[in-house]
Amino acid sequence: MQLADLYTARAREALPPLWGPSLETDGEPPLSLAYGLADPALFPQEELVDTTAKILASHLNDALNYAPVAPALTTLIAERLHHEGVQAHEDEILVAYGSSQILGLLPRVLIEPGDTVLVEAPTFMGAVRQFKRAGAQMIGLPVDAHGLDVEALATTLEALKRKNLRPKFLYTIPTFQNPAGVTLSLERRQRIVELAATYGVLVVEDDAYVDLRFRGEPLPPMAALDQEGWVLRVGTFSKILAPGLRVGWAHGPRELIARLQMFKLEGASSPFVTHLVARFSANGRLEQHITDLCAHYALKCATMSQALRRHIPEATFIEPDGGFFIWLQLPHGVQASQLAPVALQHGVEILPGTRCYTDGSGEAYIRLAFSELPGNQIEAAIRRLSTAIKVVQRPTEGG
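If you use the numbering used here, the sequence shown corresponds to residues 16 to 414, in order.
No lab work stands behind these hints, which were simulated from the structure alone.
Be a bit skeptical, because a hint or two may be false.
[Stated by the list, open to error] Think about it this way: if two alpha-carbon atoms lie no more than 27 angstroms apart in a straight line, the pair counts; the simulated DSS-like pairs of lysine-lysine are:
| hint | residue 1 | residue 2 |
| --- | --- | --- |
| 1 | K279 | K315 |
| 2 | K405 | K315 |
| 3 | K178 | K147 |
| 4 | K147 | K315 |
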């Protein structure tokens, strides 16, 4: 008998997390462009230390005892939503341990094995794995330079209706999409909201990167366009403060928020951390910090874009207006799964596009994160990637 005999079917079928280098290398660790990590140089360390001391001096019991989420944080989230045109009430907001917890709670409330879920192709597989684990059947919808293809969405919804199938929800990342970096146009946002109401489909609007805009004017979230209660907006403080704080939130129909709360069995998210985020963010400090982040990340994005044009001119990409990623279409004949181990041997780690599709597509693409590395290391990483591409191309050219 073995311990593994005790595992449930879902535990036996579970895959390891998409995290860490795919291969080990000798010597110094590779320069990683694979993961959307925040730049630690941008963490407001001194201010967080000062804020921590103030909380311990003034809210010791509320922050360190069993207690609810800091009320000031829920108020802050509602105020930020109001600024975006969303008529949010505090009982329509759930605070969680990062937006990933929200995405993990969703299938527990909404998905039975065999249910249909619509996702973008490509998309953030960290979320999709949660849905898949619950037994959902995924349908991928194409993404172009203007975001999710809404005509493909309309066609799919009508085809499913003819089969008497109602998708449980559409999962979409409308702003600075992960991994493609594109932004859903206003017209498409409006169309998605209309389709959701027509077909009775929940829209899960994951806006993790919305605050990190480098260029252009903000677009209203679908939650602001929705008049009939078909949009669940998911957000996070991970990208705009620090991922390690693990503070995310959801806003949506009151009955759905209440149901999600029922499955959050550990109770309120860290009282101490929620007090910390609320106090740091008061008096416009968070908005100033976001302004600083946008300036820094814009420079990193420009550095990577220039390096790609200089060192890999035969590859193509759309330079994003914000976020953490560039979605690179590889030179003709280069496959991502073949390139990744060669790139690692040359000291740079990348995320193959195949990791961003539910059906294994994406061999022509890789996702590159410019968020963590300093500018000089971004340049070095792209040079290494260029060398790796040339190595992969050689057999093809020789044949």
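Evaluation of the provided hints:
1. K279 to K315: Answer violated: K279 to K315 is near 37 angstroms, above 27 angstroms.
2. K405 to K315: Holds: K405 and K315 sit about 25 angstroms apart, inside 27 angstroms.
3. K178 to K147: Status holds; Cα separation ~21 angstroms.
4. K147 to K315: violated (34 angstroms)
In this structure, the hints that do not hold are numbers 1 and 4, in rising order.
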